[in-house]
Structures are given as structure tokens and as C-alpha cells.
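With chain A's structure known, arrange chain B on it following the hints.
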Amino acid sequence: MGMKLGEKVAVESLELELKAPTELKLAGTLSTPTAQAEFRRLLQDLHSDIVAARTASFAVDVQALSFVNSSAIRAFVDWISRAAHAGYTLAFKTSASVTWHRLSFSVLKSLAPATVEIVESRPSVAGGGHPS
Amino acid sequence: MRKGAEAERTLKLARKHAALEDAQRFAALAVTYCTPECREAVTLAVCELGENLIKYSGNQDELHAGTIGVSCDGDSVRVRAINQVTSVEDAQRVRELVEKITRSGVAVRDLYRARLQQLFDNPNAPRTQLGLLRMAFEGGFRLSCSFDHSELQIVAERTCAGAS
Numbered sequence: 002m003g004m005k006l007g008e009k010v011a012v013e014s015l016e017l018e019l020k021a022p023t024e025l026k027l028a029g030t031l032s033t034p035t036a037q038a039e040f041r042r043l044l045q046d047l048h049s050d051i052v053a054a055r056t057a058s059f060a061v062d063v064q065a066l067s068f069v070n071s072s073a074i075r076a077f078v079d080w081i082s083r084a085a086h087a088g089y090t091l092a093f094k095t096s097a098s099v100t101w102h103r104l105s106f107s108v109l110k111s112l113a114p115a116t117v118e119i120v121e122s123r124p125s126v127a128g129g130g131h132p133s
Numbered sequence: 010m011r012k013g014a015e016a017e018r019t020l021k022l023a024r025k026h027a028a029l030e031d032a033q034r035f036a037a038l039a040v041t042y043c044t045p046e047c048r049e050a051v052t053l054a055v056c057e058l059g060e061n062l063i064k065y066s067g068n069q070d071e072l073h074a075g076t077i078g079v080s081c082d083g084d085s086v087r088v089r090a091i092n093q094v095t096s097v098e099d100a101q102r103v104r105e106l107v108e109k110i111t112r113s114g115v116a117v118r119d120l121y122r123a124r125l126q127q128l129f130d131n132p133n134a135p136r137t138q139l140g141l142l143r144m145a146f147e148g149g150f151r152l153s154c155s156f157d158h159s160e161l162q163i164v165a166e167r168t169c170a171g172a173s
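First to last, the protein sequences are chains A and B.
If you're matching positions, the first sequence starts at 2 in the working numbering and goes up one per residue.
If you're matching positions, the second sequence starts at 10 in the working numbering and goes up one per residue.
Just so you know, the hints here were simulated from the structure itself, not pulled from any lab data.
Computed from a predicted model, the values in this text were never measured in an experiment.
We put the beta carbon where it would ideally sit given N, CA and C, even for glycine.
Any given hint could be a false lead.
A few chain A positions that, by computed beta-carbon distances, are all more than 12 Å from chain B [to be verified]:
#1 32
#2 46
#3 88
Quick list of in silico lysine to any residue cross-link-like pairs, SDA-like style, CA-CA up to 25 Å [as the list claims (entries may be wrong)]:
#4 25/B <-> 110/A
#5 110/A <-> 60/A
#6 25/B <-> 39/A
Chain A extracted, bound-state conformation (with noise of 0.2 Å):
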């Protein structure tokens, strides 16, 4: 059994939300081995639960999220990974501000284009720019 809709999960600094049945709310920070191994199980559940769902795309909100170690990287291909097989697609919500959703997110949509689906929110300029 997975994750409760509006169950807010903490694995130590990390945060996961279900939003709703197709939407994954991710935010706080990953870096610790036991919040690898944690996130690692869920996400599998989730696996499971979309594919019994007959899900045929899954939003995936990590504008919060705002740092990761190479292991959540390596989770996120996991999880695209079986997606692909599974004939569901992923859709990230991204921030255009931090850094390694701006790089890293591009990379992983090359792995499997057809699977997964980059949205890029950019901050919004109060006042109109830059002073001079």
C-alpha cells in the first residue's frame, strides 16, 4: 500500500505529498542514506499504485525540493525507467531558479522523451528588473 491522498510523509528533511491521485508533491531536502532508502521504497509503491490505477500520466511537483544527492538522481531514472516500461509519462514541475532542475531535469527528459514532460515555472520579477 502506498501513500494516502493529502498525507503529507516527512522523511527527515524531506517532505512528500500525494496532492492528488496523479499529482507528487516533493520539497524540503535528500541527502542522508536512510531518506535514500525511504524515498527509494515510496516511490516504488507509487510505481505500483499508478500502474493497478491504469494512470496515464503522473505530475510530479519538485519546485520545493531544493537540493539532492546522487542517489535521488539515480531514483528519478529508476523511477522514468519503469514509467517507460509501464507505458505511463511524468510530467516535473520544475523551478527555473534552481540550478539542478534547470540542468539535471533536461538530461533526464533525454533519457526517454516520450516519457517524461519538463514544466518550468520562472520566477516572477517584481518591480521590472534589475536597478543599474
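Just chain B, lined up with the frame of chain A:
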């Protein structure tokens, strides 16, 4: 604003559960005056190097896995990791990867993508081996490596406008 070289701040990384969280806090404190982009890059480097120290360095019975240092000099910031090596093969592999990254220049994205592709094609690969590639690709660091008398040192440097 500060000018000139600053003494290196060091962290002896303990072999304990919260070591990587300690490393993350250490990185944040070491570069509080740098740009957000540079702070993000230094946090990445300290955490990736710290994780490698915990996983692969020295005798697992030793209290500390190695030392991480962060220093600023003018408009550049440097992160350094030093540890005792138990596997010469591992150290050699690290040195070869650093040389490969250094030679790749701006094509480091291609190296990073190639490694992700390997992991995509082979989910059971025992080691992730993305840390140094991310430091170069995402963090914009120039990497160098030396290996003498069973001590491995990895140095990562990048420019930071906020450090000068």
C-alpha cells in the same frame, strides 16, 4: 565585501548517521556571503564528496572518514576532500574519472548524460558514480585529483562573484 585569501574552514567528517546533514550545514555556513548559485554549488560539492568519503574511504572502524575543506580566494571558491585510501583500484578509478571530466571541458553534459543512460539501461549497477560529474556539470567546478602515500585528495574550484 572581502578581498584576498581566506583561511580554509575544515570539517572532519564523522562516521555517524547525521554526518551528511552536518556536512550540509557546514557548507552553508562556509559560504554565507557567496551568491545563491555558488552556495548551491558548494553544498552540492560538500555533500557529494562527503558521501563518497563515508562510503568508500579508509577503515570503516575509524572515527572519521576524512576531511573536507572550503576556502575562498579572491573571486574563487575551493572545496577539498582528503581521505586515506584502502583500495588503490578505487583511487585510480577516481583519478581517471577526474581526468576524463577535465579533458571533456564543456562536453561534461555529454559525460553526465552517458552515465545516466548507463544507469537507465542497467538499474542493478552497484554504484551510482554521479557525484563528480554533477559537481562539474551542475556546480561548474574544475576538478583535480592527487594520490600519494595512500592519501587521496580531490580539489574542486569555481569562480564566485560574491566571494570577492
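(request) Starting from residue 110/A, check that the Cα of residue 60/A is at most 25 Å away, please. (result) Within the cut-off at roughly 14 Å; holds.
(message) What's the verdict on residue 25/B and residue 39/A, does the C-alpha distance respect the 25 Å limit or exceed it?
(response) It holds: about 18 Å lies between the C-alpha atoms, which stays within 25 Å.
(request) Grab the minimum beta-carbon distance between residue 46/A and chain B and tell me whether it stays above 12 Å. (result) With a cut-off of 12 Å, residue 46/A remains clear of chain B, as the shortest Cβ separation is near 17 Å.
(request) Verify the proposed pairing of residue 25/B with residue 110/A, using a straight-line Cα cut of 25 Å. (result) Roughly 35 Å separates the two Cα atoms, so the pair is violated.
(request) Measuring Cβ to Cβ, find out whether residue 88/A lies farther than 12 Å from everything in chain B. (result) holds, 16 Å
(request) Verify that the Cβ of residue 32/A lies farther than 12 Å from every Cβ atom of chain B, and report whether the claim holds or is violated. (result) At about 5 Å from chain B, residue 32/A fails to clear the 12 Å cut-off, so the statement is violated.
Of the numbered hints stated above, those contradicted by the structure are hints 1 and 4, listed in ascending order.
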